[in-house]
Amino acid sequence: MTRVLVVDDEPQIARALRITLTAHGYDVVTAADGAAALRAAAERHPDVVILDLGLPDLDGTEVIAGLRGWTTVPVIVLSARVDSPDKVRALDAGADDYVTKPFGMDELLARLRAALRRATPAAGEPVVTTAGFTVDLAARKVLRAGTEVHLTPTEWGLLEVLARNPGKLVPQRTLLREVWGEAYAKETHYLRVYLAQLRRKLEDDPAKPRHLITEAGMGYRLEP
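If you're matching positions, the sequence shown starts at 1 in UniProt numbering and goes up one per residue.
I should point out that these hints are in silico values taken from the structure, not numbers from a laboratory. Here a beta-carbon is modelled for each residue, glycine too, at the ideal position from N, C-alpha and C. You can trust all of the hints, since none of them are fake.
Derived Cβ-Cβ restraints for the label pairs, each shown as a range:
hint	residue 1	residue 2	range
1	Glu223	Lys141	13 to 23 Å
2	Glu43	Leu116	17 to 27 Å
3	Ala114	Gly146	38 to 48 Å
4	Met1	Thr174	33 to 43 Å
5	Pro206	Thr20	48 to 58 Å
6	Thr174	Ala196	11 to 21 Å
With a Cα cut of at most 25 Å, we get these calculated DSS-like pairs of lysine-lysine:
hint	residue 1	residue 2
7	Lys201	Lys168
8	Lys87	Lys101
9	Lys201	Lys141
10	Lys186	Lys168
Start from the sequences, fold in the hints, and give me the full structure.
Right, here's the structure in full:
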């Protein structure tokens with residue numbers, strides 16, 4: 001059965017969606033805020049997410065960013081925000097579709113079916129565990145010996161890309177493009193600086209890293 005995660009803090013909308021989707025054969029999980037949505041996604045592995053942007057704790061775009069750190073699950077935004085910049089921000093964050101409130105249930109069901117047809121296979125687990133630290137891609141945090149490690153946004157961006165590809169070589173250009181942008185695709189010294197910072201925070205012996213590995217002249221690898 002296809003599982004749908006509905007994220008909306010308006011009880012009447014969440015209830016209407018749950019009833020309608022269940023009647024159409026979907027397994028429905030609901031969440032009323034962003035933190036609950038990220039937990040539900042990590043624990044229940046939905047096949048598609050229907051997401052309101054105006055949540056009480058996180059903006060919907062932050063929820064999308066949290067999901068996109070580890071999964072390609074289709075995300076359909078369901079929002080009362082009709083301005084073009086809001087739509088652009090949601091789509092740029094990784095949403096697959098955008099439906100404005102009020103909406104027709106038949107149209108939403110059609111968009112849901114279309115999103116599922118386009119869906120790619122789900123990514124791996126949202127938690128990557130090494131002998132020295134744990135990367136929680138869904139919660140966007142790193143734990144070392146049970147204590148959260150503070151990372152800068154750039155440090156997290158690098159670690160996130162590596163953690164999405166555990167054990168695999170990630171080319172230098174790929175890291176630079178994803179973290180800094182296309183204009184920085186040749187600035188390899190950025191990688192040396194920030195990987196050194198990550199090693200100081202996460203490796204037992206930064207001079208002899210066990211997990212954040214350099215493949216000379218090619219790229220980097222997170223070795224669990």
